[in-house]
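Sequences and hints are given; from them, build the entire structure.
2 protein chains.
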Amino acid sequence: MPPSTVNRQWLLERRPVGAVAAEDFRFNEADIPVPTDGEVLVRSLYFGYDASQRIWLTDDGGYMEPIRIGEPMRTMGIGQVVASRDPGYQVGDLVEGFLSWQDYVLARGDGPMPLRVLPPADHPLSWHLGVFGVGGLTAYFGITDGLQVKPGDTVVVSAATGATGSLAVQIAKALGAKRVIGTAGGEEKCRWVVEKTGCDVAIDYKTDNLDARLRELCPDGVDAYFDNVGGDMLDTMLLHMNPLGRVLICGAMSSGYCDVKMQGPSNYMRICTYQLTVRGILLFFYRDRLAEGAAQLGEWVREGRLHVEEHVVEGFEHAPALLPTMFTGKQPGKLILKVADPD
Amino acid sequence: MPPSTVNRQWLLERRPVGAVAAEDFRFNEADIPVPTDGEVLVRSLYFGYDASQRIWLTDDGGYMEPIRIGEPMRTMGIGQVVASRDPGYQVGDLVEGFLSWQDYVLARGDGPMPLRVLPPADHPLSWHLGVFGVGGLTAYFGITDGLQVKPGDTVVVSAATGATGSLAVQIAKALGAKRVIGTAGGEEKCRWVVEKTGCDVAIDYKTDNLDARLRELCPDGVDAYFDNVGGDMLDTMLLHMNPLGRVLICGAMSSGYCDVKMQGPSNYMRICTYQLTVRGILLFFYRDRLAEGAAQLGEWVREGRLHVEEHVVEGFEHAPALLPTMFTGKQPGKLILKVADPD
Chain A
170 MPPSTVNRQW LLERRPVGAV AAEDFRFNEA DIPVPTDGEV LVRSLYFGYD
220 ASQRIWLTDD GGYMEPIRIG EPMRTMGIGQ VVASRDPGYQ VGDLVEGFLS
270 WQDYVLARGD GPMPLRVLPP ADHPLSWHLG VFGVGGLTAY FGITDGLQVK
320 PGDTVVVSAA TGATGSLAVQ IAKALGAKRV IGTAGGEEKC RWVVEKTGCD
370 VAIDYKTDNL DARLRELCPD GVDAYFDNVG GDMLDTMLLH MNPLGRVLIC
420 GAMSSGYCDV KMQGPSNYMR ICTYQLTVRG ILLFFYRDRL AEGAAQLGEW
470 VREGRLHVEE HVVEGFEHAP ALLPTMFTGK QPGKLILKVA DPD
Chain B
170 MPPSTVNRQW LLERRPVGAV AAEDFRFNEA DIPVPTDGEV LVRSLYFGYD
220 ASQRIWLTDD GGYMEPIRIG EPMRTMGIGQ VVASRDPGYQ VGDLVEGFLS
270 WQDYVLARGD GPMPLRVLPP ADHPLSWHLG VFGVGGLTAY FGITDGLQVK
320 PGDTVVVSAA TGATGSLAVQ IAKALGAKRV IGTAGGEEKC RWVVEKTGCD
370 VAIDYKTDNL DARLRELCPD GVDAYFDNVG GDMLDTMLLH MNPLGRVLIC
420 GAMSSGYCDV KMQGPSNYMR ICTYQLTVRG ILLFFYRDRL AEGAAQLGEW
470 VREGRLHVEE HVVEGFEHAP ALLPTMFTGK QPGKLILKVA DPD
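Keeping their order, the protein sequence lines are chains A and B.
If you want the working numbering, it's the position in the first sequence, counting the first as 1, plus 169.
If you want the working numbering, it's the position in the second sequence, counting the first as 1, plus 169.
Honestly, the hints are just simulated from the structure, not real lab data.
Honestly, I wouldn't trust all of these hints.
[Said to hold, decoys possible] Pairs of lysine to any residue, SDA-like flavour, derived with a Cα cap of 20 Å:
1. B:K430 / A:L379
2. B:K430 / A:G239
3. B:K507 / B:F267
4. A:K430 / B:H409
5. A:K319 / A:G187
6. A:K430 / B:N436
7. A:K507 / A:K319
8. A:K347 / A:P320
9. B:K430 / A:Y443
10. B:K430 / A:G400
11. A:K365 / A:V481
12. A:K507 / B:D457
13. A:K430 / B:F267
14. A:K499 / A:G187
15. B:K430 / A:L408
16. A:K319 / A:G462
17. A:K430 / B:T405
18. A:K375 / B:N436
19. B:K375 / B:F453
20. B:K319 / B:N411
21. B:K430 / A:S435
22. A:K430 / B:K375
Okay, here's the thing in structure tokens:
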């Protein structure tokens with residue numbers, strides 16, 4: 170990429186109501202900012218897409234500061250350090266962490282997730298946003314620590330084509346789960362889940378009767394459920410959990426993250442009567458264990474036990490148009506926008 | 170009590186819809202049954218009242234076999250063995266476990282909760298239904314194992330005048346919780362909670378704004394919440410939990426246990442974003458640890474650290490009329506019906 174003095178940006182133009190749209194963002198050109206003490210200037214290379222970006226666009230931001238009107242949209246991303254006022258980062262370092270939809274981003278090392286300096290590796294750089302990024306690490310800590318999946322378990326993973334779900338399925342298998350069932354929308358995605366992730370059976374949530382299929386597939390109940398969707402599916406799953414079963418609340422895709430009032434699980438008293446354990450997961454709480462997770466994931470990748478799927482689109486101009494596709498049947502795996510090559 | 174050949178019974182006459190009523194039961198006189206192999210004939214002395222009895226009256230019974238029309242109403246109770254075909258029980262033994270609203274009940278030692286032979290003790294016999302019964306043991310395992318309350322915690326207990334809640338408050342204090350807040354309905358009950366259970370503050374859910382009071386009383390958030398009521402209170406509490414906080418689902422009194430569709434907590438995504446742990450409790454799952462719990466409770470009682478409150482009514486004829494009062498502002502503490510004295 171030739172040196173540039175222009176910093177392209179996508180700014181939040183208006184707060185979305187309901188589904189997010191490309192038109193909620195506005196293109197802008199600004200000067201390249203100059204880092205002050207403790208700041209690092211990062212040139213953007215890749216942006217990763219997460220459904221939780223929709224939460225940051227709400228009035229209260231959910232678990233982070235909301236993005237304000239006129240601010241560039243926040244994203245997980247990979248970039249290269251071009252100037253640094255933090256001794257922990259050197260010019261030329263490749264880094265992964267919170268960036269925003271700009272060519273040049275002022276980042277800090279001390280946010281809720283560390284700005285990680287990426288080691289040299291023999292895999293595509295973008296994998297640091299997928300299998301070694303939020304999706305992979307959330308799947309890893311969700312299956313191991315949150316759900317404590319162990320050999321012999323029957324496990325269900327919803328949104329099993331997603332960046333997190335597809336890895337959750339594979340990690341559960343790697344840990345010896347007896348049976349892993351994934352849910353996905355449509356015949357093609359269901360086939361993908363079985364062929365690529367090693368899922369034992371896929372349930373098509375669009376055409377199958379989940380309750381009936383679970384009765385048929387899991388007559389002995391479900392030990393662990395990795396929930397990415399919420400809504401009716403969570404409610405149905407609660408009725409299929411075994412006594413002392415475990416549920417992980419990882420996401421609520423079915424809500425689109427845009428409802429003021431979400432649908433709570435009306436069967437939640439099963440938590441009481443079956444003495445279930447329901448845990449949440451937010452990767453921020455594992456910030457001191459990220460290296461451990463990445464190391465284990467790396468080992469499984471090298472052993473060929475994890476199939477890594479990415480869907481990479483190229484060109485900064487596409488940044489806003491891709492976000493709504495997170496909620497409308499995108500490709501399986503991790504959705505990534507390539508912005509530039511490293512030096 | 171003079172020997173009798175008549176077995177008085179209260180049978181389920183019709184399945185209640187909505188609130189349970191005394192008229193849902195019918196008086197009957199039957200012969201005294203004769204135990205067959207493995208059975209024990211127990212003469213009823215005390216019946217304990219639990220809100221969960223309402224669940225057993227639903228079509229599916231919740232977590233136990235539903236009570237069928239024409240069957241005597243199931244209850245936790247204390248009785249005396251008058252005939253035994255199980256070598257584990259001797260004539261004259263005082264026992265506690267699942268009985269039913271009859272003078273004479275055929276019981277078994279191998280149900281979901283053991284029929285416990287009661288040791289001689291220097292406290293009222295009825296305490297085996299309260300502090301040493303379902304309420305006390307649920308409070309004990311709920312606070313210790315379910316919520317893992319530790320010194321310094323801020324703890325909230327709903328329905329803090331109840332048989333379980335009032336002991337949960339005291340057990341949390343005994344374990345060193347920094348602050349314990351109880352909820353109760355009405356000024357008088359709130360005063361009782363503070364005076365008798367050592368609760369630091371009581372919130373009147375009928376007149377106080379729970380959200381505002383919690384912001385005022387717990388500016389640093391809540392570490393552990395013992396939920397006996399569900400509904401809006403659970404939803405509000407979820408917004409006040411600290412990151413990594415713990416919630417125990419013990420009951421849902423606010424529902425009256427009679428709704429086909431219960432109100433699920435619409436703020437449940439806080440489980441994800443604050444990485445909460447939500448666990449259920451059903452004493453059946455602690456059946457191998459009941460003696461451990463009773464021993465610890467006994468020690469605290471002897472040390473004067475637990476205030477035990479009972480509300481004892483006398484006379485078999487009152488059995489059905491007391492059940493609806495579980496949901497309509499009964500006295501604080503454990504509600505017990507005395508049926509007869511032991512020999």
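We went through each hint and held it up to the structure:
Using a Cα cut-off of 20 Å, the hinted pair K430 of chain B and L379 of chain A holds, with the two alpha carbons roughly 19 Å apart. Of the supplied pair hints, the one linking K430 of chain B and G239 of chain A is violated, its CA atoms being roughly 44 Å apart against a limit of 20 Å. A hinted pair counts as satisfied when its Cα atoms are at most 20 Å apart, and K507 of chain B with F267 of chain B qualifies at roughly 16 Å. With a CA separation close to 17 Å, the supplied pair K430 of chain A and H409 of chain B stays within the 20 Å bound.
For the suggested pair K319 of chain A and G187 of chain A, the alpha carbons sit about 39 Å apart, so the restraint of at most 20 Å is broken. Restraint check for K430 of chain A and N436 of chain B: the C-alpha separation of about 8 Å stays at or below 20 Å, so the hint holds. Distance check on the hinted pair: K507 of chain A and K319 of chain A sit about 37 Å apart at the alpha-carbon level, beyond 20 Å; violated. For the suggested pair K347 of chain A and P320 of chain A, the alpha carbons sit about 6 Å apart, so the restraint of at most 20 Å is met.
Restraint check: the Cα-Cα separation between K430 of chain B and Y443 of chain A comes to about 18 Å, which is no more than 20 Å; the hinted pair holds. Between the alpha carbons of K430 of chain B and G400 of chain A the distance comes to roughly 14 Å, so the proposed pair stays at or under 20 Å and holds. At most 20 Å may separate the alpha-carbon atoms for a hinted pair to count; K365 of chain A and V481 of chain A meet this at roughly 18 Å. Among the hinted pairs, K507 of chain A with D457 of chain B is inconsistent with the structure: their alpha-carbon atoms are about 58 Å apart, more than 20 Å.
Taken as a hint, the K430 of chain A and F267 of chain B pair is broken in the structure, with Cα atoms around 42 Å apart against an allowance of 20 Å. About 18 Å separates the Cα atoms of K499 of chain A and G187 of chain A, which keeps this hinted pair within 20 Å; it holds. Between K430 of chain B and L408 of chain A the alpha-carbon distance is near 13 Å, which keeps this suggested pair within the 20 Å criterion. Distance check on the hinted pair: K319 of chain A and G462 of chain A sit about 17 Å apart at the alpha-carbon level, within 20 Å; holds.
Taking the CA atoms of K430 of chain A and T405 of chain B, the gap is about 13 Å. The hint holds against a cut of 20 Å. Our distance criterion of 20 Å between C-alpha atoms is broken by K375 of chain A and N436 of chain B, whose separation comes to about 26 Å. For the suggested pair K375 of chain B and F453 of chain B, the alpha carbons sit about 33 Å apart, so the restraint of at most 20 Å is broken. About 15 Å separates the Cα atoms of K319 of chain B and N411 of chain B, which keeps this hinted pair within 20 Å; it holds.
This hinted pair checks out: K430 of chain B and S435 of chain A have alpha carbons roughly 6 Å apart, not beyond 20 Å. Restraint check for K430 of chain A and K375 of chain B: not satisfied, since their Cα atoms lie roughly 23 Å apart, outside the 20 Å limit.
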